[in-house]
Amino acid sequence: MSRAARFRRAPGARAGLAVLIALVLVAAFAGLLASDLPLACRAEGKFYFLPCVTRPLALAGADNQLLRASGAWLIAPPIPYGPESQHPGGVTAVLQPPSRAHLFGTDDRGRDVAARLVHGTRVALAVGLVAVLLYVALGLAVGVTAAMGRRADLVLGRVIEVGLTFPTLFLLLAIQGLTATASVVEVGLAIALTQWPHVARLVRAEALRAMASPHVEAARAIGASPARLGIVHVLPLAASPALVAGAFGVGQAVLFETALSFLGFGVPAPTASWGELLGQAQAAGLPLWLLLPPTGAIALTVVACSLVGDGLRRALEET
Amino acid sequence: MLLKRLALIPPTLVGITLATFLLVHLAPGDPATARAGNGRGVSAESLAAFRHAYGLDRPLAARYAAWLGRSLTLDFGDSLVDGRPVRAKIAEALPSTLALALLATLFAYGLAVPLGCALAAGDGRRWARAGSAILYLGYALPAAAAAMLLLYAGAPYGGRGAGVLTAGAACLSIAAIVRLARYQRGALLAALRADYVLTARAAGAGPARVILRHALRNALLPMVTLLGAELPALLSGSVIVEQVFGLHGLGWLGFEAVLQRDYPMLLGLATVSAVVTLAGVLAADAAYGAIDPRLREHRA
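For the record, the sequence lines run as chains A and B.
All the letters of the first sequence, read from the start, carry residue numbers 1 to 319 under our numbering.
All the letters of the second sequence, read from the start, carry residue numbers 1 to 300 under our numbering.
Any given hint could be a false lead.
[Said to hold, decoys possible] Here's a subset of chain B near chain A, in silico, CB distances under 8 angstroms, partners left out:
#	residue
1	Thr12
2	Thr20
3	Leu137
4	Pro142
5	Ala143
6	Ala144
7	Met148
8	Leu235
9	Ala270
10	Ala274
11	Leu278
[Unchecked claim] Computed far set for chain A versus chain B, every beta-carbon distance over 12 angstroms:
#	residue
12	Met1
13	Thr92
14	Ser99
15	Glu217
16	Pro226
17	Val232
18	Leu235
19	Pro236
[What the hints assert, rightly or not] Facing chain B, from chain A, some residues (calculated, C-beta under 7 angstroms):
#	residue
20	Thr168
21	Leu173
22	Leu255
Hints listed in this document are in silico derivations from the structure and should not be mistaken for laboratory results.
Built from N, CA and C at the ideal position, the CB exists for glycine as well.
Isolated chain B (complex conformation) (with noise of 0.2 angstroms):
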């Protein structure tokens, strides 16, 4: 499974790298004109300078293999906006989406594995069919909405502090608690059902133990894969929640090179977010490895 994850990553690459690379390029307008503002006051002869030192006027496939033999190297060209390299920017911003993303893994999980197994264990009650309508609610909240109510309730703007991070991260949690603890609880009911949960109970072990002790266990496997799907989602949702908060990560920098259209800096954040996204994808595989005494034997 980790062979077939890791034949993976080539083709991820390219795929988003690629995608990125043709909409940057077929897109309406280029950078020059848009650096130029409406082209007043500016002659044709720098727009052609400007394109020809930045590779603009060159053919698209020759573009793209240059742009991706620079990346292997980590170079990602420089900023149109500034002209500051791009891996700098990103090297900067990276710190507090990373710090986002990984407290928000910690209170999605921590969360909804005890939220899911509550659930499991509460179905059919009438307590239990509120909690999931609870998560209904959650889940239908916009980041942006949950975000700027959590600022009303008094959350701190901007900086890098351990308060503004946190307020950050519970809501670009929410999803993520709503769909592991959905998750979690239709995978505990599953393992409920299996032969060794009744013996188990046969042999008399109570409710708790039979749940924490016996099916758990198995209930808890596939929720670490889980987190290879949410990380897409936690990066997506990074692009609200650094608006609102005034965090100054990968988001806000996708944001900012969107409105400017800054070519080199969208296919470096491009490639940054899919490689995150593939370590993620790797742990969640290595440590689902590591876990299962099964796979481990079919290894061997």
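In isolation and in its complexed conformation, chain A is listed as follows (with noise of 0.2 angstroms):
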């Protein structure tokens, strides 16, 4: 069986494959989805395509319920609010229950939730992308290179057994409390700073089995040195378990991200993020309509991640 055939055959590698691509679509196109400019309209005589995005100066200080009230003719996105427009058509409306107005109600500076929930899914995957990519890399580098040599595995096995033992949130914390800046990028090389030993104990594990198989010992023989066997022939036989690791830790590091968003040290404010519905939820009284849907969009990521990890598990496994 192929590989392409044993990934679809693994229980829902399929269904969390096609959820992972709706979300990154969500993520691209969140202008389009939820914006408080139409996707075209006119107003005064001018024909406007996608102001949404162009954002032209003309309708500076309008909104779609303000262009509407003016009798402007216009397309409205499927949400029609910012995700950081605290006056919607001039009206402050403060921690609204849901209503047709606004689906998931607002928060606490009179923002739609909905509009926040669309935005905050470009945080939760850039940061997830950005995180396992470092460590992945990180992880697959250092795994591999321990399995090289007696000495650096003494080394390298000691500070990957070292690194396991951190209580990564104590760790996380403290890195973003201290450093002055939380960009997209920073959250991601702070996860990916706390999760690399874990791939490169996977890493290192299969490197070693690698290390003793056959074609390894036949390169070493004429004449390879350490780095092409280390990079031609040990490497692609070690990556599989650390690209298995990637797909969860897409989902590891969403939750992470939303950890940290929550106690307040993930993007700076008024950055859409999921995690800071859930701590508005926490300030506010536990309002249902802001802790169950981005429970739900989180849980939905992490869900879709596990599930194509588990399908690669089995697409990469030898049988």
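Both chains are sitting in their own frames, so use the hints and assemble them into the complex.
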């Protein structure tokens, strides 16, 4: 059975992949799905195409609600609010429960929860991706290097074991709290710094097995350098557990980002993120419309990542 | 194996404290300016005096060496926030977190072992698949959301009562239950494929007897060592759970210390959490040695 076929046979792997693709699309087109400006409109005799993207100066201060009230023709986005607009249509409605105007209600500054949820997808996926790319690369490098020689293993093996005993969130909080800025890349980097030992441990075990295999011995016999041995002959064999760990890792990173934003150490305000919505839910006395939508979004993302990871594991398993 | 673990203690302690130390001291901003707010109304001389009083004007290596020396006698210095000894503040907070972690470990193993067995016994059946799907969901639930949902459902808040500790531990254990149950299922499935199980089946043992009497014994062993891997995760989770349930434990202290840039507090907490984790790892290894007769024979 081919690898693709084994992936498809894993329960839920295809559904997980479909959900992930949908989430990527939501993140990519968040600006079209939820915006304070219309997709197209005619205001004061002028026609604007996608003002939600181009944000023309002439429409500064306007939004979907004001334009409609002034009698302009417009096609509004599915969610006619921006993630950061606090007074849509000039009205401030703080902590409103779900209604026809606001499907998931509003938050403590009168911002639409659905709009913040859609735009929060960007932060979640971006942090997950940055973190996983960084720590899988680091884990691969350290794991393979450790397997290459006895002395390297003595040092790196210990470093990995020590790294595994760090309570991640303590370290993450310390990194986030003590450094000044908190961009998406920085949050991803902080998560990567705490998570790479897990990948390195898996890769090291796999690379040690590869080092003992005949093809590595043959390569060494014909004079391959250690670098060539590691990169050409060991790395490809050790990469599959890292790939699987990476798929699960995106979900894990989303959970860590949620925890950080919940505690107020994630991406800075007013950027929308799922954890920040959960934090608001706690501060506002647990209104369900602030609690359930981000919880659902996070759970959906993490489950999708786990299903894809499981499918990858089955596809890459030697049978 | 125990010896190897014992040899791991010094590098782990030094590693964790050194990493925290560097992080704390290389980060922009320092506690003197943080304490003086944005610097208004505080003269340069008094800032310098503050730095000198806490040794903040000495070189990094000297400060780390001095700190390490003092911390060997459990003297972590005074908190920069209220001037009370770090040791006293940690001693106050430790019982809550230990109770949380112990209860969560109990919940995790108490639920994960039977759950993993049931899922392995019903492998391939529809209900077992549904059970695995629910495990996925449990893993995907953020700790903060789980905690708030429990609060919403009427769980108590604050204090040190049994109710709030149980609710907190329940939240804390969710992720551990999922990881352990999945592992238990895999280990038991592997054990069920072994030859001695085939022999037992051939000799007429029923499915319950095969699992409980023959396969589970071997499948339980690796579960014990997993405790070492779960402890750091439990301590991590305590930050969130204590925040939501208003428990004043180590996680709460750590969160406050980061907010206030309370360096001695952060270093003390890093050390204590490393010690707690290592103690758990060692206990797990010792238990493993005690349970598995093969290891005992090796040592003899």
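A quick look at each hint next to the structure:
no.: 1; hint: Thr12; verdict: holds, 5 angstroms
no.: 2; hint: Thr20; verdict: holds, 7 angstroms
no.: 3; hint: Leu137; verdict: holds, 6 angstroms
no.: 4; hint: Pro142; verdict: holds, 5 angstroms
no.: 5; hint: Ala143; verdict: holds, 7 angstroms
no.: 6; hint: Ala144; verdict: holds, 5 angstroms
no.: 7; hint: Met148; verdict: holds, 6 angstroms
no.: 8; hint: Leu235; verdict: holds, 4 angstroms
no.: 9; hint: Ala270; verdict: holds, 7 angstroms
no.: 10; hint: Ala274; verdict: holds, 7 angstroms
no.: 11; hint: Leu278; verdict: holds, 7 angstroms
no.: 12; hint: Met1; verdict: holds, 18 angstroms
no.: 13; hint: Thr92; verdict: holds, 26 angstroms
no.: 14; hint: Ser99; verdict: holds, 21 angstroms
no.: 15; hint: Glu217; verdict: holds, 28 angstroms
no.: 16; hint: Pro226; verdict: holds, 26 angstroms
no.: 17; hint: Val232; verdict: holds, 32 angstroms
no.: 18; hint: Leu235; verdict: holds, 26 angstroms
no.: 19; hint: Pro236; verdict: holds, 26 angstroms
no.: 20; hint: Thr168; verdict: holds, 5 angstroms
no.: 21; hint: Leu173; verdict: holds, 5 angstroms
no.: 22; hint: Leu255; verdict: holds, 6 angstroms
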